[in-house]
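Asker: What follows is the residue order along each chain.
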Amino acid sequence: MDLRDSPEEAEFRAELRDWLAHALPTLADKPHHTDWPGRREYDTTWQTKLFEAGYAGINWPTEYGGRGSSPTEHLIYLEETERAGAPYVGVNFVGLLHAGPTIAAEGDADQRAAHLPRILRGEEIWCQGFSEPSAGSDLASMRTRATRDGDHYVVNGHKIWTSHAEVADFCELLVRTDPDAPKHRGISWLMMPMDSPGLEIRPLKTLRGSTEFSELFFDDVRIPVSNRIGEENDGWRVTMVTLSFERGTAWVDQIVNSIQLIEDLTKIARTVTSRTGSAWDDRGLRRDIGHIAAEFDGLWALTKRGVSEASTGSGVPGPSASVLKLRYTEARQRLMDLGARVLDRASLSRTDIAGLPNSTWTEERLNSLSYTIAAGTSQIQRNIISERILSMPKER
Amino acid sequence: MFFLPSEDQLDLQRGVRELLAARLPLDRLEDGFDPALWRELTETGVFGLRCDLGLGLTEAALVFEELGRAAVPGPTVGTFLAAGVAEGPVSVLDPHQQPLLVSDLDVCAAILVLDPAGPRVIAPVVGTALAEPLDPLTPLHELAEVPPEVGTRLDVPIDRVRLEGALLTAALSVGLAARLTELAVDYAKQREQFGRPIGSFQAVKHLCADMFVRTELARASLHSAAVMLDDPQAGSAPRAVAGAKQLADEAATTNGRSAVQIHGGMGFTWEVPVHFLLTRAWMLATDFGTADEHAEDLAALL
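Protein chains in written order, with this note's numbering: chain U, 293 to 688; chain W, 112 to 413.
Quick caveat, the hints were computed from the structure, so don't treat them as lab data. Note that the structure is predicted; figures quoted are calculated from it, not measured. The C-beta atom is built at its ideal place from N, Cα and C for all residues, glycine as well. You may find that some hints are simply not true.
The list that follows gives simulated cross-link-like pairs (lysine to aspartate or glutamate, EDC-like), each with its CA atoms no further than 16 Å apart [what the hints assert, rightly or not]:
1) 686(U) <-> 458(U)
2) 300(W) <-> 310(U)
3) 300(W) <-> 300(U)
4) 341(U) <-> 310(U)
5) 497(U) <-> 507(U)
6) 686(U) <-> 303(W)
7) 686(U) <-> 297(W)
8) 497(U) <-> 458(U)
Just a sample of chain U residues kept apart from chain W, beta carbon distances all over 12 Å, derived [claimed, not checked]:
9) 298
10) 309
11) 327
12) 330
13) 476
14) 519
15) 582
16) 585
17) 619
18) 655
19) 683
Quick look at which bits of chain U chain W covers, simulated, 3 or more residues with Cβ under 8 Å [said to hold, decoys possible]:
20) 553-563
21) 671-677
With the hints as extra help, turn the sequences into a complete structure.
Answerer: Structure follows, in structure tokens:
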């Protein structure tokens with residue numbers, strides 16, 4: 293067991309740090325989260341810089357224009373970019389982390405050529421049309437229907453939780469192409485242009501008051517059959533192929549960020565005063581800070597373990613990713629509650645007041661409520677862990 | 112960076128696991144301290160891993176997970192820490208902790224005193240046996256005072272000994288947490304109610320999933336701390352150990368509770384050995400610093 297960088301890893305880290313130190317100051321100010329055109333501009337500008345420097349698609353195979361880095365280099369990349377305060381993937385999320393890798397793994401040569409370079413350069417934004425109002429955790433029960441009409445599919449139905457729909461060029465869309473087949477077998481994976489006639493995008497207001505995601509309504513939307521990835525009715529498998537693509541790195545940026553926030557919290561605690569002195573004088577709060585620090589240092593160690601497993605190629609990415617997802621998302625919520633305890637009344641303002649950085653904590657306290665729901669609820673993660681790792685019997 | 116045990120490390124761990132599986136099945140645990148088993152463990156090199164075999168705390172942590180998994184009775188941590196200075200078994204006395212309790216006084220050959228002025232090893236002293244120690248397999252004696260004799264000084268700073276002791280105690284707890292998960296999962300798969308295994312119910316299987324996750328997190332934290340104790344350039348060992356002890360205590364004690372719960376009424380009986388593991392976990396949670404103390408230490412290091 294070795295936690296130090298190899299000479300090659302140290303060199304990669306040093307070069308990246310150097311590049312970040314030069315590239316970051318050239319970036320414009322971060323737009324407000326409600327300014328969608330501004331966010332697209334900001335995120336894609338950064339993606340273009342990454343592409344020009346050779347860091348785009350860090351974990352994509354070189355044959356598709358990626359850097360082909362090892363899982364460990366991918367980890368270092370995410371760690372260093374987060375530490376430096378660089379933007380995360382933002383609106384490029386679905387393209388870089390899901391649709392792109394799916395097209396790389398399952399698309400044909402034309403489909404790859406049409407999309408992969410554009411995704412890497414930040415020229416093409418993707419969104420995801422998977423969930424439906426009645427198909428959330430039970431995604432495979434989705435009903436949005438696609439029927440063949442010559443060389444087109446005609447799509448009717450309703451999707452929900454589509455992030456970045458307002459600025460996306462394409463949607464990775466799961467549709468039911470065979471309503472009579474068992475539910476996992478009648479699904480196909482389509483690339484849908486977001487300017488398709490008959491598609492209506494209706495933003496959904498979150499509990500934060502923002503419009504992070506939208507609902508999509510389909511009224512005879514025509515999508516060319518040539519936009520299908522993989523075989524007809526094989527879309528479920530096509531979707532699952534890509535879920536292992538993150539190779540243990542799914543939460544690196546947020547775990548690194550959490551450790552930084554905990555270190556910040558020790559400073560904030562020294563400035564917030566209460567009945568008996570500063571929050572830092574409160575032994576109970578101090579212990580809880582030390583306890584949450586143990587949690588996140590442990591999650592960071594667990595991340596390194598998962599990445600090492602991925603680098604041997606023998607790891608089981610699905611179930612062990614569930615372990616990390618379950619524990620991380622619940623810990624992040626506890627961290628935000630702890631931040632609110634330290635900030636006390638300043639936690640009641642979503643903008644900074646009294647010279648405190650409370651807005652970060654308050655916004656994230658709200659936002660983190662989604663983490664234990666999105667991408668497989670905590671309850672589903674516990675099912676996966678107990679059934680696939682511990683081999684416990686299914687409920688029915 | 113490659114944060115997985117090597118083949119050699121896994122072989123070492125497997126060897127100890129197999130030895131203990133053969134020599135100390137759970138239904139034999141009640142016999143308590145077994146001098147013959149202790150000799151075998153000593154001959155295998157479990158306590159002399161560092162001073163005789165030149166291995167590090169990474170290997171020791173892997174081996175101590177196995178001692179924890181089998182809930183081996185006896186002062187394993189003190190014996191490792193004092194190896195090379197005293198022949199085992201070696202009990203531990205922490206003068207900071209009141210009342211002054213020492214385990215296994217009847218069988219130990221020496222006592223390691225965690226003296227703030229420097230760790231020292233002394234001959235066994237007289238104490239008053241507790242009539243009913245919480246962990247029935249770990250006899251405890253109360254001492255009237257911290258024995259003043261100097262004995263033999265350990266050539267290691269006290270802070271280092273405390274870190275190593277906390278790490279090895281955490282390793283025992285991680286082993287307990289893993290064993291408790293296995294026991295609960297196995298029982299939930301075979302026990303039937305309402306015509307099906309109780310392990311099919313989410314209310315039960317989710318407890319098991321949490322037990323597994325807790326153990327994985329504590330183990331990753333433990334291994335990280337062990338590597339840092341062996342290689343200071345890998346990171347801050349004091350910070351990592353303070354984290355590992357908290358997570359390991361939490362994993363073993365919470366898993367112990369869950370294992371009792373999942374065993375239902377049988378979990379409350381003497382016959383099902385889960386309680387031996389839970390009371391051991393409760394005891395270990397007081398050894399080499401409580402979770403509260405380590406949390407405070409870690410906060411101070413941020």
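Asker: Does residue 303(W) lie within 16 Å of residue 686(U) when you go C-alpha to C-alpha?
Answerer: It holds: about 14 Å lies between the C-alpha atoms, which stays within 16 Å.
Asker: Residue 582(U): least C-beta distance to chain W exceeds 12 Å?
Answerer: 3 Å, violated
Asker: Test the statement that residue 683(U) is away from the interface with chain W: the closest C-beta pair must be farther apart than 12 Å.
Answerer: Answer for residue 683(U): violated, closest chain W Cβ roughly 8 Å.
Asker: Is the hinted pair residue 686(U) and residue 458(U) satisfied, with a Cα-Cα distance of at most 16 Å?
Answerer: 39 Å, violated
Asker: Grab the minimum beta-carbon distance between residue 298(U) and chain W and tell me whether it stays above 12 Å.
Answerer: 7 Å, violated
Asker: Could you check that no beta carbon of chain W comes within 12 Å of the beta carbon of residue 309(U)?
Answerer: 16 Å, holds
Asker: Does residue 507(U) sit within 16 Å of residue 497(U), going by the straight-line distance between their CA atoms?
Answerer: Holds. Residue 497(U) to residue 507(U) sits at ~10 Å (cutoff 16 Å).
Asker: Holds or violated: residue 497(U) with residue 458(U), Cα cutoff 16 Å?
Answerer: 13 Å, holds
Asker: Are the Cα positions of residue 300(W) and residue 300(U) separated by 16 Å at most?
Answerer: 47 Å, violated
Asker: Please verify the coverage claim for the region 671-677 of chain U: does it have three or more residues whose C-beta sits within 8 Å of some C-beta in chain W?
Answerer: holds (count 5)
Asker: Verify this for me: three or more residues of the region 553-563 of chain U with a beta carbon less than 8 Å from a beta carbon of chain W.
Answerer: holds (count 3)
Asker: With d taken as the least Cβ-Cβ distance between residue 327(U) and chain W, does d exceed 12 Å?
Answerer: 35 Å, holds
In this structure, the hints that do not hold are numbers 1, 2, 3, 9, 15, 16, 17 and 19, in rising order.
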